[in-house]
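Asks: Fit chain B to the known structure of chain A by using the hints.
Here are the chains, one letter per residue:
Protein chains: 2
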Amino acid sequence: MSTTAPLRRLNIDNINPRVKEAKYAVRGELAVRSEEYREQLTKDSHGLPFDEVISANIGNPQQLDQKPITFFRQVLSLLENPALLEKEDVLVNQLGYKTDVLERAKWLLKTVGSVGAYSASPGATGIRESIARFLEQRDGHSAEAKDIYLSAGASSGVSTLLHIICATPKTGVLVPIPQYPLYTACLSVLDAQCVPYYLDESKNWGTDLEAIKGAYKEAVAAGTDVRAIVIINPGNPTGASLSAEDVKAVIDFAAEKKLVIMADEVYQTNVFKGKFHSFKGVLREMQKADPKKYNHVELASLHSVSKGIIGECGHRGGYFELVGIDPEVQEQIYKFVSISLCAPVIGQCLVELMINPPKEGEPSYELYKQEYDGIFSGLEKRAFALYEAFKDMEGVECGEPQGSMYLFPTITLSPKAIEAAKKEGRSPDEFYAFRLLDATGICVVAGSGFGQKAGSLHFRTTFLAPGTEWVGRIAKFHKELMDEFR
Amino acid sequence: MSTTAPLRRLNIDNINPRVKEAKYAVRGELAVRSEEYREQLTKDSHGLPFDEVISANIGNPQQLDQKPITFFRQVLSLLENPALLEKEDVLVNQLGYKTDVLERAKWLLKTVGSVGAYSASPGATGIRESIARFLEQRDGHSAEAKDIYLSAGASSGVSTLLHIICATPKTGVLVPIPQYPLYTACLSVLDAQCVPYYLDESKNWGTDLEAIKGAYKEAVAAGTDVRAIVIINPGNPTGASLSAEDVKAVIDFAAEKKLVIMADEVYQTNVFKGKFHSFKGVLREMQKADPKKYNHVELASLHSVSKGIIGECGHRGGYFELVGIDPEVQEQIYKFVSISLCAPVIGQCLVELMINPPKEGEPSYELYKQEYDGIFSGLEKRAFALYEAFKDMEGVECGEPQGSMYLFPTITLSPKAIEAAKKEGRSPDEFYAFRLLDATGICVVAGSGFGQKAGSLHFRTTFLAPGTEWVGRIAKFHKELMDEFR
Chain A
1 MSTTAPLRRL NIDNINPRVK EAKYAVRGEL AVRSEEYREQ LTKDSHGLPF
51 DEVISANIGN PQQLDQKPIT FFRQVLSLLE NPALLEKEDV LVNQLGYKTD
101 VLERAKWLLK TVGSVGAYSA SPGATGIRES IARFLEQRDG HSAEAKDIYL
151 SAGASSGVST LLHIICATPK TGVLVPIPQY PLYTACLSVL DAQCVPYYLD
201 ESKNWGTDLE AIKGAYKEAV AAGTDVRAIV IINPGNPTGA SLSAEDVKAV
251 IDFAAEKKLV IMADEVYQTN VFKGKFHSFK GVLREMQKAD PKKYNHVELA
301 SLHSVSKGII GECGHRGGYF ELVGIDPEVQ EQIYKFVSIS LCAPVIGQCL
351 VELMINPPKE GEPSYELYKQ EYDGIFSGLE KRAFALYEAF KDMEGVECGE
401 PQGSMYLFPT ITLSPKAIEA AKKEGRSPDE FYAFRLLDAT GICVVAGSGF
451 GQKAGSLHFR TTFLAPGTEW VGRIAKFHKE LMDEFR
Chain B
1 MSTTAPLRRL NIDNINPRVK EAKYAVRGEL AVRSEEYREQ LTKDSHGLPF
51 DEVISANIGN PQQLDQKPIT FFRQVLSLLE NPALLEKEDV LVNQLGYKTD
101 VLERAKWLLK TVGSVGAYSA SPGATGIRES IARFLEQRDG HSAEAKDIYL
151 SAGASSGVST LLHIICATPK TGVLVPIPQY PLYTACLSVL DAQCVPYYLD
201 ESKNWGTDLE AIKGAYKEAV AAGTDVRAIV IINPGNPTGA SLSAEDVKAV
251 IDFAAEKKLV IMADEVYQTN VFKGKFHSFK GVLREMQKAD PKKYNHVELA
301 SLHSVSKGII GECGHRGGYF ELVGIDPEVQ EQIYKFVSIS LCAPVIGQCL
351 VELMINPPKE GEPSYELYKQ EYDGIFSGLE KRAFALYEAF KDMEGVECGE
401 PQGSMYLFPT ITLSPKAIEA AKKEGRSPDE FYAFRLLDAT GICVVAGSGF
451 GQKAGSLHFR TTFLAPGTEW VGRIAKFHKE LMDEFR
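Residue numbers (UniProt numbering), protein chains in the order written: chain A, 1 to 486; chain B, 1 to 486.
Bound-form chain A, shown alone (with noise of 0.2 Å):
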């Protein structure tokens, strides 16, 4: 308890408790921690049995030496200082900018004057369009500028959707767990309902449409008023990659039950098994076969430069794409953006860099592939790099790789160490993360951080980290562990 509390305004009792309510593990004490032994790292007589910190808790991946695509900063710089334009020929001959880097970036100042200047609130338009193209080409069905709002990373547009439906406390969202916290943590801000529904483990965290089923049957039996369904497609924090059938089965209960369908799909470009099937393309499909049955559903779809293969994090940049909203509701959404302005500028021209890259036969182009070819396949390789340590460490359990940036592999401790952490005050998951850190330097976050069946543990890493030698610390620590709580 604060010792000052009756001299101030604000207290830990009195401010808004939706926010106190609230979580976010992500960021929460385990990351602290890190930043405090990363501070102590810097001393020269640190005393840690580690030399350096591995942030695997956040997909950040230009925080762990991720090269940014030459492409997109150049033109970036560009829009910075576009008085560089002037000196095309020093830009040219004397800084490797090929031409399509300058007359992208002469497009791109046309389109919003200035990345200083505030853009329409969904938007600057240019973009927009250049998004729509995009959407038209990767699912083969039309799509409209007017639908498209960009958004400072995909967290802004799920704040935003969020904010439209939450209508009052009754109100509820389907929400998978395990889920990134981002979703509860909005609607506890909005005093709404997470309607959780479990996603299955035994098939490699695919959607489960009977669970989904019976939680919102549950719900509406306890008079929630369940509005939507929250889909993270690929998988944060299970990696899972979804069919065509299983995004078909759910769009056929949202149509069914009238239920807007949030899909998250910022890691759809990072997709190792299989391919990435869009809500949308789906969608247009099912409403091609059956216009009447399906006409009608509400779909937002989301994207970001802060994942993918790109990992442009701290640009803030993303957007989503409306099908099927009233009007009405739309004007809202579009009131509503304009309250916060508009996206950052930069983070918007960054996203149209991002859905449309350097193609074939241009100047920027095999420099670009292969920039984004090598990004994709070190991913992949410590994926797998790291599968394959957890498929050889004792009680521990981990499907193959499928997408996005993580992994979520199930671990079991013994009933000593369980005991251990109730000692400590923290769940079984917590008192591992923690250990782990404390032993080897490396940051996850512990399942509960996310949500998981009761009884089960696990904790989520990202494959971000550069090498694979810290996949072998984490093996080390696990068997001492093991052993020490035997």
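Quick caveat, the hints were computed from the structure, so don't treat them as lab data.
Some hints could be false.
For identical chains, the list gives no copy identity; a pair is met inside one copy or between any two copies.
Said to hold, decoys possible - In silico lysine-lysine, DSS-like type, Cα no more than 27 Å apart, as pairs: (1) K146 to K422; (2) K106 to K67; (3) K170 to K23; (4) K391 to K257; (5) K275 to K20; (6) K87 to K106; (7) K248 to K335; (8) K275 to K203; (9) K146 to K20; (10) K20 to K170; (11) K67 to K23; (12) K170 to K335.
Replies: This is chain B only, laid out in the frame that chain A set:
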């Protein structure tokens, strides 16, 4: 009414009523029409009685041809493409980058790692430390990095603070009228009470302590839990600049009633008359004189790269400093901002450049000073040109320009004009603003968008548009309108 509501889950009657209630006129119907005109003007025979749209409705300097500061944008170009730093000789000898540009870019890159990586939730540590040093210099009192939170412009800072403060529908926040409508919009969304207090137009829109006391007393009597007071200094939309005595009086009242002070100080460099008195600086002096009385005053002061002289709106950079806030409450603020991960990192870097520009004797200083002073004097010149024009207009009253980017003149319309407005279903000031746009292409915001005393009429105009020719267009329109409805 939507005709398809029964088929869809979301319709205008069942979405979040708090979002529906929120009003934000700065980007409302008038602004939308102005964008339509802008589009129409690109056609050969546009049929409009003007050849350009002048957006005097939004404080968006770089949309209106204000040039960015060279030093800032040179540094940002290097942050976006650090590979350029490998060609120092080209940068220096052929592109005119000075050595302090290179040094600053290297320092910022060391601090943030990559602008494509998430920073720590409240911002990059080195940037927070730099802001603390700036505040120490500005106020002559200590400041600490731990109390500084980077935000996506000041708007997201305001939203964060109100999210913490607003606990129940009874929570009230004192808001000046007229006000920048972000405050009322956020309070609507958060289902809290706006407690309006009127600024004193007869004293050039200064604060009127009696009005504040009256509003407070009335609200408390009605059962409102008044917790905070918003001050915008220099004023938006009023352009007022507060004296040290006015600031003191507000702090004194806040101390007595235990109100959190939210000091919106985004126009702190835009002062044409007298000088800017920061709430933090004045508070610290009062604390020295009477610690017992003032040591527990809670203050949040906001700043932004969007306004000031530099006008870098599109970069969405800003910060707030907390003073006297309970540490446990501050932990909740930390958690809340972590849910949206971090403010745009390139915007954070721009904040650092803004508060730590080149110093006298440094290579980039001369050009920086020349550009900065040029923008300042341009703003001042246009402010006074508008002021002089308003003085000559029938039934228009306007105080002498003091600060910010706005003038907020009173207009007096004839009963016949008010009748005509009624017929169009508009308030008289909206009617006036639409007529002005239709006749001249100049877009302002009607006073009702900010709040005004019943029966009084105003509009807000920025003084950002280049040149002063357009000022004459307003005068001509005004005369014709007065004649039409005499």
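Asks: Would you mind marking each hint as holding or not holding in the structure?
Replies: Right, here's what the structure says about each hint:
For the homomeric pair K146 and K422, neither the shortest alpha-carbon distance inside one copy (53 Å) nor that between copies (33 Å) is at most 27 Å. For the identical chains of this complex, K106 and K67 are neighbours both inside a copy (24 Å) and across copies (17 Å), given an alpha-carbon limit of 27 Å. Both within a single protomer and between protomers do K170 and K23 lie at most 27 Å apart by alpha-carbon distance, with minima of 20 Å and 25 Å respectively. Taking CA atoms no more than 27 Å apart as the test, K391 paired with K257 passes in neither setting, with 40 Å inside one copy and 63 Å between copies.
Taking the shortest Cα distances, K275 and K20 never come within 27 Å of each other, neither inside one copy (40 Å) nor across copies (40 Å). Proximity of K87 to K106 under the C-alpha cut-off of 27 Å is found in both arrangements, the shortest distances being 13 Å within a copy and 23 Å between copies. For the homomeric pair K248 and K335, neither the shortest alpha-carbon distance inside one copy (32 Å) nor that between copies (37 Å) is at most 27 Å. When the C-alpha separation of K275 and K203 is checked against a cutoff of 27 Å, the pair qualifies only within one copy, where the shortest distance is 17 Å, while the shortest distance between copies is 67 Å.
When the C-alpha separation of K146 and K20 is checked against a cutoff of 27 Å, the pair qualifies only between copies, where the shortest distance is 20 Å, while the shortest distance within a copy is 37 Å. For a Cα distance limit of 27 Å, the shortest separation of K20 from K170 qualifies both inside one copy, at 19 Å, and across copies, at 18 Å. Proximity of K67 and K23 under a CA criterion of 27 Å is satisfied in neither setting, with 31 Å inside one chain copy and 43 Å between copies. In the homo-oligomer, the alpha carbons of K170 and K335 lie at most 27 Å apart both inside one protomer (24 Å) and across protomers (25 Å), since each shortest distance falls under that limit.
This entry does not satisfy hints 1, 4, 5, 7, 11, going by the numbered hints stated previously.
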